[in-house]
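Visitor: Each chain, letter by letter, is given below.
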Amino acid sequence: MDPATLGMLLFIISEIMVFGAFFTAYFFIRVVGGAEWPAEGDHLPKLIAGFNTAILVSSSFTLHYAQEAIRKDNRLGLQLGMVATFLLGLTFLFIQINEYVHIGFSPQDHAQGTIFYGLTGLHGAHVSIGLMLLAFVTIRSFRGHYSSGHHLGFEVPGIYWHFVDVMWIVVYLTVYII
Amino acid sequence: MTARLRAPGLPRAGFFLVLGTLFCAAIIIAAREAYGFPVFADGGITTKAQNAILLLSLLIAPLWFLIGLGAFDYWFYWAAGKKERAEDHSGHGATSWTDYFRVNTDHKVIGIQYVVTSFFFMMIGGLLAMLVRAELAAPGSQFVDANAFNGLFSVHASLMIFLFIIPVFAGLANYVLPLMIGAPDMAFPRLNALSFWMLPIAGIMMTASFVAPGGSFSTGWTAYAPLSTSAPLGQMFFTIGVQFAGVSSIATALNFLVTIITMRAPGMSFWRMPLLVWANFSTSLLVVIATPFVAASQFFVLFDYALGFNFFRPEKDGDVLMYQHVFWFYSHPAVYIMMLPGFGIISEILSVKSRKPIFGYRMMAFSLLAIVLLGFTVWAHHMFVSGMQDWIRIPMMVTTAIIAVPTGIKIFSWLATLWKGVLHLDTPMLWALGFLTMFTLGGISGVILAMVPMDIYVSDTYFIVAHIHYVLYGGSLFTIYAGVYYWFPKMTGRMFDERLGKAHFWLTFVSFNATFGPMHLVGVKGMPRRVADYAEEFAAWNLFISLSSFVLGLSTLIFLYNMVSSWRGGPRASANPWRAFTLEWQVSSPPPIFNFDRIPTVVGGPYEYGVPGHVHGIMEPAEEARPKQAAGASSAEEGV
Ligand SMILES: [Cu+2]
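Heads up: the sequence lines are chains C and F, in that order. Take 1 as the starting number for the first sequence in the numbering used here and just add one per residue. Take 1 as the starting number for the second sequence in the numbering used here and just add one per residue.
Source of the hints: derived by calculation from the structure; they are not laboratory data. Treat the hints with care, since some could be wrong.
[Claimed, not checked] With a Cα cut of at most 30 angstroms, we get these calculated DSS-like pairs of lysine-lysine:
id: 1; chain 1: F; residue 1: K82; chain 2: C; residue 2: K72
id: 2; chain 1: F; residue 1: K420; chain 2: F; residue 2: K48
id: 3; chain 1: C; residue 1: K72; chain 2: F; residue 2: K83
id: 4; chain 1: C; residue 1: K46; chain 2: F; residue 2: K420
id: 5; chain 1: F; residue 1: K420; chain 2: F; residue 2: K502
[Said to hold, decoys possible] Covered stretches of chain C, as calculated for chain F (at least 3 residues, CB under 8 angstroms):
id: 6; segment: 23-36
id: 7; segment: 51-58
id: 8; segment: 67-77
id: 9; segment: 82-94
C-beta atoms are modelled at their ideal positions from N, C-alpha and C, and glycine is treated no differently.
Bound conformation, chain F alone:
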């Protein structure tokens, strides 16, 4: 037992978590005693002191947990002045399921850890959505009160955004990106492992807010001040959870950028990179630049809440609108953080499945970068009715409309890629096409919302809910499904059940539209969002929406069953079942433990499908890949 508590791993992590909580309790009790605040009252600790201990534990105890897990072991070793030790990859690979529950530095293991964890939280978020829809099935109060209802949709949105869409893309890219560029691993494997392990911390924290005194946080995922600075303690589970998710996401983005810039195989120039790599390059830039703003905004809330600072107290000259500016300066770019990696996935799949080169490869890459730049110039379109200065509205309306241009370039390039292609309408392709149609609808309602008069009219109605679900569900989630099906053979070495995959697609596609399509209508008619009750006139549509949403929820179970059963007993996958050019398909499924037995050499573009004799990568080092006489000539030179 003591041996297990000494070795890095989950037992030691749990033990350290307890120690960390006691440590926080000791600090709070000592500090309150020292400053003469009451600590003990009638045999117990006062509520205020309890809350303070809980708050500090939220901040500090997770670090103890990570130390116990062994995520910092090497850095402690380094800090003690010992000899440097390059990552020797001795911890690579997973031989049994328990290897997924330790600090593992293998990008392939981490990728799967990411994907499975995010789908776990997606299921919780989905269940919360089912509860929301159950409450909304009829007017009046069904089985939760108004405050609990606010908690349900707040935690739903926060989990879906911070624990599902953002990290699942990081997970997929973690798995395939190093393979695609011909690298043996990510640039910083230990940092990669640390990034992953902060994720379950954030997720468990947000989910656990339901048991917090005063109920879960109920301010929406936007947590506007001063609502959030005067909320019960559950709010802090969001405020601090976001910090962990944010640090995790910045560290991963940094890792991707360094990996892409420094670890490409010989011959893999920037203009030969698959578009998924370009997409993650752009996304990582956004994360590195924008995510610090959400961290700062939540620090402001934390300081106002816990220490009585005055960032958002108007009576002390604080500025309430400043929260929204800082928050949206992150959260608008965040919608591209949640979309650009999906664009990359779609580019891969559409090209492979229509057996044609991607149309306008360079324009596809440039439009990603254009979206990154423009994404920083539009944040105040979320604030048209906030009471900010009127003159900001028109410029933000114009820049928002302009973003439709690079996005449109992508849509039309995809259409042109499909044009006269030999379409293989299997599961990944169906999802890709589903994305193309649904995301275009979401994009159109987005441009409608950019128009100031229209935005004012439908502000805080179900039109907004419809729009966000068309871009995040019909957009992002459809690309995630497409990507998971597409790389499932590579990640697991097994084929999924094609029949179930198609059933999953069609059931989801139909029930998705039945759920979110009518929301446009009730929104335009004025049904407010984020309210547990509504007027009688919306009853029929809402019942329809709720029933559709239950079908939508059930359709996800088909996916789960397909994934689990295929992973356990599906037919073995060949190395390259889709006949793709990109490097990840040129190695076995699943790939060897160090990805490439020999460093590959890239000699052509990634998408020249249908071009006779085209080669993207050769599985040989550069010296040997050269034509014979050249090799002879160079060795002759060496001889001299």
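In isolation and in its complexed conformation, chain C is listed as follows:
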């Protein structure tokens, strides 16, 4: 296997374990702690977050589109796909921040708030890192890098972005749905 791809996969294992530790905290607070759940009046906006989930998931598809494009040396497709992916990711982040502003409780209020902000914030930080990588790739795609035979520098950040998307589904299902 190519070293960069293998390195990214191993890094993702580490990332999964970071999330694992936060999920551990979540279930300790929710299940072992045994406090009333959800706390008085703190219902989460499932629908808006669900809509936001759809946005993030669709960004995985646009990224895949860009990937298919560069495999056929379709530079315009690559650029369109990258810009769309980047904008979708950015939209996700904005909606998430907007949710924080209007949600009505803070991490200082109770442990439930702490772990809600903890998990979604951890994921938000990953989206930000992913967006940074996507920005670099987008810049490079406009500068004429990558071709059908040479697009590893595109694939490796791409794997990371897909991971961020899949991780969000898990976070969404845990925090908002169950």
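Given chain C, work out where chain F with the ligand should sit, using these hints.
Guide: Quick look at chain F with the ligand alone, frame taken from chain C:
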């Protein structure tokens, strides 16, 4: 001057460190002003604002330092959309000592940087231990108060674990592992350099905690919440220092794994790898999977401490025991992170020095992997008296006892390797044998501690201190000494002084046992650990322990003197002074700048000592290493 501040290097790093601190101060002052918190009071900055600036600087300023040093230069270059540039190894090698103080991508330079840095922090940690023992030489208070005492043993343990044992193994492996598998370098040389430079940051941070307002962190190396979330600011020097050490260790582990999987020389199948490579493969798996948990646990503490989150506040439904679960889910595997590379070193040395094949090579590799798996199933044996659910105790007791099986397989395989061998009792071998005996003792007290009733009885006594030092000093540190002596000729091109090496071993071996052996006794009698004072009845033993520990401390100076003087003026070492098969000994001492002038080909196992005519590696590329007629046949085919 401006030129020096522009070029990557330590001057620019120092300059950026100052800039980074000012940057943090600006952020804090602006944020506090914006939210209406007091910033300025009677001509100065308020204490709260000062502390906030210090805390943020701990997190952010080191990154500025690394940028100044040039650790990120290539990535910035890449991010700007410029052409990709594969590492051209132009920065390889060290021609003078100053080359060790810059970002160097040569794994051999980085290996030495790692080893020297970790021994530096080991000396600081050792000095702290001497202070601890001086205070404990007699009952009552000698010259530090109780809180300062807590700080001494906390920083001692943290430095020894995070800045010495874990990184020194990474350093040794950094040097020899690529050579052993026939690779020109690690898979990601730039990441390798970055990993190293995060280490001194973590070490200096932990050491500097003594000057923090309120004193150094004093919660032990375990930093249990909520003790740590309500401690003075010094605690954050640990919380954040661990993050840097942790990132460094994950990045190195990732690098090792990719290097081992993708960069082995032709013919070096997994079942022909030296056991040191297997050991670091297993260790790296543990690091990649477990270390994120300690990072997360310290993030929780940081958030509770700095931002008023409620992870560990019971009055806000937080869960205090959750800290211990998350922490030990890392920190039990961490004891194997601190031991498995040592197992690898011992396998190399015992086989070479008894001139016999290693006994049960495959079982040795499988038992490493078994330890990796089982290591994740035992964490709560550190929590038998924590007040967790009772039903977890028995399963964890059983799994802990089961780990003795793969470990026992290794011990017996080593014994069988020695059996009827031609033993060369020189310095590396003495340390290896010392490890074998001392680690077995530590393992036995470990199995005793796994038993719930016994554990409850000796919990938080000196029995625990005795156990951990038998496995980490008599275990890990003895393997480190063995490894440093064994590869010293390869790393420096010089031989060490054998007489001093033996004196170092015997003095350490005797004073080590005199120091930590009696701790079992006073522990069983009930002397509590981590307390500055103790009952009169333990006075005699403690004086004996303290005096022995000073001898133990002095014995380390022999080692230092031997290393420094031999490196400067020892006799030149030949390429293969131990007559070993593994590839690192088939090149000159020290190795050429790109390790192998020609890619080697591996044709047999690494340990078949005493087997007539055995060859492990041939220093020729695969095509030329093949028998003559086959080569002729293949070229004839090409002709068609
Ligand atoms: Cu343990």
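Visitor: Next, verify each hint and record whether it holds.
Guide: Status of the hints after comparison with the structure:
1. F:K82 to C:K72: The hint holds at about 23 angstroms.
2. F:K420 to F:K48: Violated. F:K420 to F:K48 sits at ~69 angstroms, over the 30 angstroms cutoff.
3. C:K72 to F:K83: holds, 21 angstroms
4. C:K46 to F:K420: The given pair, whose Cα atoms are some 71 angstroms apart, is violated under the 30 angstroms limit.
5. F:K420 to F:K502: Between F:K420 and F:K502 the Cα gap is close to 23 angstroms, so the pair holds against 30 angstroms.
6. 23-36: Held - the segment 23-36 of chain C has 7 residues with a Cβ nearer than 8 angstroms to chain F, which meets the minimum of three.
7. 51-58: violated (count 0)
8. 67-77: violated (count 0)
9. 82-94: violated (count 0)
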